[in-house]
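Chemist: So you can see what is in the structure, the chains are spelled out below.
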Amino acid sequence: MNRTIIGGVSDRTNRIYRFAIDETKYLPIAFLLPAVILIFFVVGFPMIYSLYLSFTDFTLLKPTGYEFIGISNYITLFKDRIFWLSFRRTILYIALAVNIELILGLVIANMMSHIVRGRGILRTIMMMPMMFAPILVGLQFKWFFNDQVGLINNILYSITGHPVIIPWLVQKPLGFITILVAEIWMSTPFMVIIFLAGIMSVPQEIFEASEVDGASGWQKFRYVTVPSISPFIFIAMAVRSLDVAKAYDLVSIMTGGGPARRTELIWTYVFRLAFTGQKFALGSSMSFITVLLSFAFTFYLFRKLLKARKI
Amino acid sequence: MKRKEYRKPKYLLSNIILILILSIFFIPSVWIVLTSVRPNIEINARPPIWVPRQLDFTSYTALLGRVESAEEFGFGQSVPFLDYARNSIIASVVSTILALVIGTLAGFVFSSFEFRGRDSIFLSFMLARAVPGIALSLPLLILFTKIGLSDRIYGLIIAYTAMNVPFTAWLMTGFFGEIPKELNDAAFIDGCSRWGAFLRVNLPLILPGLAASGIFAFLTSWNEFAVASVISRTTASKTFPVGLFDFTAEFVSDWRGMCAMSVIMLIPAVIFVIAVQRNLVKGLTLGAIK
Numbered sequence: 018m019n020r021t022i023i024g025g026v027s028d029r030t031n032r033i034y035r036f037a038i039d040e041t042k043y044l045p046i047a048f049l050l051p052a053v054i055l056i057f058f059v060v061g062f063p064m065i066y067s068l069y070l071s072f073t074d075f076t077l078l079k080p081t082g083y084e085f086i087g088i089s090n091y092i093t094l095f096k097d098r099i100f101w102l103s104f105r106r107t108i109l110y111i112a113l114a115v116n117i118e119l120i121l122g123l124v125i126a127n128m129m130s131h132i133v134r135g136r137g138i139l140r141t142i143m144m145m146p147m148m149f150a151p152i153l154v155g156l157q158f159k160w161f162f163n164d165q166v167g168l169i170n171n172i173l174y175s176i177t178g179h180p181v182i183i184p185w186l187v188q189k190p191l192g193f194i195t196i197l198v199a200e201i202w203m204s205t206p207f208m209v210i211i212f213l214a215g216i217m218s219v220p221q222e223i224f225e226a227s228e229v230d231g232a233s234g235w236q237k238f239r240y241v242t243v244p245s246i247s248p249f250i251f252i253a254m255a256v257r258s259l260d261v262a263k264a265y266d267l268v269s270i271m272t273g274g275g276p277a278r279r280t281e282l283i284w285t286y287v288f289r290l291a292f293t294g295q296k297f298a299l300g301s302s303m304s305f306i307t308v309l310l311s312f313a314f315t316f317y318l319f320r321k322l323l324k325a326r327k328i
Numbered sequence: 186m187k188r189k190e191y192r193k194p195k196y197l198l199s200n201i202i203l204i205l206i207l208s209i210f211f212i213p214s215v216w217i218v219l220t221s222v223r224p225n226i227e228i229n230a231r232p233p234i235w236v237p238r239q240l241d242f243t244s245y246t247a248l249l250g251r252v253e254s255a256e257e258f259g260f261g262q263s264v265p266f267l268d269y270a271r272n273s274i275i276a277s278v279v280s281t282i283l284a285l286v287i288g289t290l291a292g293f294v295f296s297s298f299e300f301r302g303r304d305s306i307f308l309s310f311m312l313a314r315a316v317p318g319i320a321l322s323l324p325l326l327i328l329f330t331k332i333g334l335s336d337r338i339y340g341l342i343i344a345y346t347a348m349n350v351p352f353t354a355w356l357m358t359g360f361f362g363e364i365p366k367e368l369n370d371a372a373f374i375d376g377c378s379r380w381g382a383f384l385r386v387n388l389p390l391i392l393p394g395l396a397a398s399g400i401f402a403f404l405t406s407w408n409e410f411a412v413a414s415v416i417s418r419t420t421a422s423k424t425f426p427v428g429l430f431d432f433t434a435e436f437v438s439d440w441r442g443m444c445a446m447s448v449i450m451l452i453p454a455v456i457f458v459i460a461v462q463r464n465l466v467k468g469l470t471l472g473a474i475k
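First to last, the protein sequences are chains A and B. First residue of the first sequence: 18, per the working numbering; consecutive thereafter. First residue of the second sequence: 186, per the working numbering; consecutive thereafter.
Hint data in this document are derived by calculation from the structure and do not stem from the laboratory. Think of the CB as a built atom: it goes at the ideal place given N, C-alpha and C, for glycine as much as any other residue. Watch out, some of these pointers could steer you wrong.
[Unchecked claim] Example chain B residues on the side facing chain A (calculated, C-beta under 8 Å, incomplete):
1) Leu205
2) Leu207
3) Ile287
4) Leu325
5) Gly333
Put together the whole structure using the sequences plus the hints.
Modeler: Dropping the structure here:
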C-alpha cells in the first residue's frame with residue numbers, strides 16, 4: 018500500500034504501466050494457445066481429416082492407395098434405409114430420454130426441497146448413478162435384464178412362483194425401452210441436482226406468498242416453482258440433449274445396436290460401418306453429418322447463452 | 186431459510202414416495218456390491234436366492250492375480266487387472282492435471298480480457314465438446330498410428346486432456362466471473378502484474394471451482410470408453426472401461442467378476458464425488474445463473 022502511494026509517477030510505476038499494456042496484448046494469446054493447439058490437434062484436425070476421408074473410398078484394410086470418389090458416399094448414405102432408421106430412432110431416443118428425465122427431475126427435486134433434515138444425505142444417495150461410467154451402467158443393466166439370471170426376471174420369478182424368461186434385450190420394443198430405462202436411471206440425478214439447487218435459490222417468500230393466495234400444491238409447482246427455475250431447466254435440457262445425442266457406450270455394451278438392428282442408433286451404426294463393415298469412409302460421412310447437426314444445435318444454444326451471460 | 190411445512194402431514198405421502206424413488210436409484214449400487222461377494226452358485230441359483238447365505242471374496246483375490254479355479258473368468262484366464270489399474274490411474278490423473286492447468290488459463294482469459302474473436306474462440310471450444318468420442322476415435326486412430334501414439338498411454342492422455350479442456354474452461358470462466366473486478370484493480374494498485382494478480386488473488390478464490398472441474402475431468406477420463414476402445418489394443422494402454430467390456434466378450438459371462446471390477450472402478454469416483462459434493466453442485470449450476 019505505502020509503496021504505491023510513495024511511488025507516485027516514478028520510473029517504476031511507469032514501467033509497470035507499460036508492462037500492463039503489453040500483457041493485455043500477449044497474455045491472452047499465451048494463455049489460450051495451449052488449449053487452442055490441443056483442441057485443434059485432437060478435435061479439429063481429426064474432424065477435417067474425417068471430412069476429407071468421407072470423399073474417398075478409404076478402408077482400414079487398405080490404408081494406402083485409396084481414391085477420391087467425390088460425394089458418392091453421401092449419396093449412398095442418403096439412399097441407405099438403415100441410416101434413416103437409426104437417425105429417426107436417435108431423435109426419438111433423445112426426445113424421450115430428455116423429457117422423461119426432465120419430468121422425473123422436476124418431481125424428485127420438488128419432493129426433496131420439502132425435506133429439511135437429511136437433505137444432504139438424500140442428495141448424496143441421489144448422486145450415486147452419476148458416479149457410474151456409462152459403460153458400467155450398460156453392463157449392470159444388461160445383467161439386470163438378463164433373461165436367465167437377471168434381477169428383473171428373478172423378481173418376477175419370486176413373485177409369480179414359476180420361471181419367467183422375458184428376453185428383455187432381444188424383443189422388439191423391449192430392447193429399446195430397456196436401454197431407455199438405463200439411460201434415465203443414469204441421468205435423472207443430474208437433472209435433480211440442478212433443479213434442487215434452482216429451487217433452493219428461489220426466495221422462500223415467493224412460495225409463502227403463493228400459499229397465502231391459496232395456491233394448491235400443484236399450482237405452486239406449476240406456476241411458481243417451474244417458472245422460477247426456468248434458466249436451470251434451459252441449461253439442463255441443453256446439456257442433456259447434447260450428451261444423449263452422443264449416446265454410444267450404453268447402447269454399444271447393452272445390445273451393440275442389435276439384434277437385427279432393433280436398437281441401432283446413429284453412433285452404433287457409424288461404428289459398425291467403419292470397423293465391422295470395413296466401410297470407414299461411409300462411416301466418416303455419416304459421422305460428419307451428425308456432428309454438423311450437433312454443431313448447429315450447440316451454436317444456437319450458446320449464442321443464446323452468451324447473450325444472456327456476456328461471459 | 187427454515188421450511189416450516191416440514192412436519193405437516195401433507196408431505197408425509199410425498200416423502201414416502203420420494204424414499205421409494207430414491208431406493209430405485211440406490212439399490213443397484215448395493216446389489217452390485219452384494220453380488221461381488223457372493224458365491225457363483227447363489228448368483229445363478231434357480232429359483233433365485235435373495236438373502237446371501239455365505240460370503241465369498243474369491244472374485245477380488247482373482248482380480249488381483251490369484252486365480253484359484255479354472256471357472257474364474259471364463260476358462261482360467263486371469264484378467265490383467267493391475268495393468269488396467271495402472272493405465273487408468275495414469276491416464277486419468279495426468280490428463281486431469283493438464284486439463285485443469287490449460288483450462289484454467291483459458292477460463293481466466295475468457296473472463297477477464299476483452300479482445301476481438303473472444304466469443305468465437307469460446308464458442309469453438311463448446312463446439313469441440315459437442316463432438317462425441319466415437320466420432321473422434323476413427324480419425325484419431327489413423328493419426329495416432331502415423332505418429333506412434335496408438336496403444337500408448339501418452340495417446341490417451343493427450344486425447345483426454347483435449348476432451349476435458351472445453352468443459353474445464355467453461356466452468357472456470359464462470360468461477361472467475363464470480364470474482365469482483367475491484368479485487369483485481371486493488372491488486373494492480375498494490376503493484377501486482379497481471380500474472381501476479383492471477384497467482385495471488387484469483388487462484389485462491391477459484392479453488393472450489395478447480396475441485397469441481399477436476400472431478401468432472403477425472404470422471405470423464407476414468408469412465409471414457411469410445412476412444413480408449415479404439416486406440417487401446419493391448420494391456421499397454423487398456424483402461425478399466427475397456428477391460429470391463431472384455432467381460433461381456435468372454436464366452437462365459439462372469440457376472441460376479443464383472444461386479445467386483447465395477448466396485449473397484451466405482452471406489453475412486455465415490456470418494457471424490459462425496460468429498461467435493463458442494464463444489465460440484467455449485468459448478469454445475471453456475472452456468473445457469475450467471
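Chemist: The structure should be examined with respect to each hint, and the outcome stated for every one.
Modeler: Consistency of the hints with the structure:
{"no.": "1", "hint": "Leu205", "verdict": "violated (11 Å)"}
{"no.": "2", "hint": "Leu207", "verdict": "holds (6 Å)"}
{"no.": "3", "hint": "Ile287", "verdict": "holds (5 Å)"}
{"no.": "4", "hint": "Leu325", "verdict": "holds (5 Å)"}
{"no.": "5", "hint": "Gly333", "verdict": "violated (15 Å)"}
Taken one by one, the earlier hints fail for this structure at numbers 1, 5, listed in ascending order.
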